[in-house]
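Q: Sequence:
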Amino acid sequence: MTLPALFSFWAFSMMFVLTPGADWAYAMSAGIRGRFVVSAVVGLLTGYVVLTLIVAAGIGILIAGKPLLMLLLTIAGALYLIWLGSRMLLNPPKPEAQNNTFRNESRYNVALHGALVSGLNPKAFMFFLAFLPPFTMATASWSISVQLFVLGMVHTLSCSVVYMFVGIGARLILSARPTAARFIGRLSGIIMLLLGVFLLYREVIQG
Numbered sequence: 016m017t018l019p020a021l022f023s024f025w026a027f028s029m030m031f032v033l034t035p036g037a038d039w040a041y042a043m044s045a046g047i048r049g050r051f052v053v054s055a056v057v058g059l060l061t062g063y064v065v066l067t068l069i070v071a072a073g074i075g076i077l078i079a080g081k082p083l084l085m086l087l088l089t090i091a092g093a094l095y096l097i098w099l100g101s102r103m104l105l106n107p108p109k110p111e112a113q114n115n116t117f118r119n120e121s122r123y124n125v126a127l128h129g130a131l132v133s134g135l136n137p138k139a140f141m142f143f144l145a146f147l148p149p150f151t152m153a154t155a156s157w158s159i160s161v162q163l164f165v166l167g168m169v170h171t172l173s174c175s176v177v178y179m180f181v182g183i184g185a186r187l188i189l190s191a192r193p194t195a196a197r198f199i200g201r202l203s204g205i206i207m208l209l210l211g212v213f214l215l216y217r218e219v220i221q222g
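Residues 16 to 222 in the working numbering are what the sequence shown lists, from first letter to last.
Just so you know, the hints here were simulated from the structure itself, not pulled from any lab data.
The hints are all genuine.
Label-pair restraints from in silico Cβ distances:
#	residue 1	residue 2	range
1	23	81	23 to 33 Å
2	74	180	24 to 34 Å
3	168	35	17 to 27 Å
4	65	94	14 to 24 Å
Just so you know, even glycine gets a beta-carbon here, dropped at the ideal spot from N, CA and C.
Whole structure, please, built from the sequences with the hints as guidance.
A: The following block contains the structure:
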């Protein structure tokens, strides 16, 4: 693997990461609620590390080759996004000073939700499966598995920077603006809800 190839993948990865989606919505939700931004982002990154290991180990190709398994994975991810989005829409995140409920939520639960948001996202899985292998080189001194792992970690690092920026930005800008925070919180819930519905429609109804 050459340095130019690695840089090219990083640029491609950043375009993907900078596209708002479920990860952005979850990071913003954590930012609005206050002190759990790091836990939320760590959870999101954990999901990507797991996806990296799955693809690097060759398991991803096996999963992709099983249509029923892919369908079940997509349905699980879609239903989780719908559940989480509905929860955020009905009970929008509030700044920490106004949110006694969130104070009782553990960092582990926040991180776990983040890991499920990214780890069950079929869009992320297909990104790893489709766009990592083209940047590997069969003639490189590193094995294909190692190259896939490195590329996955580059993508995860990109996610860490962007999602921390999104979460902290939401905290700094919206913590003193409860009305705007509720609006953005509901918008984040709508994004997750629509993504989940779209996934179900595309996979189950359209087939």
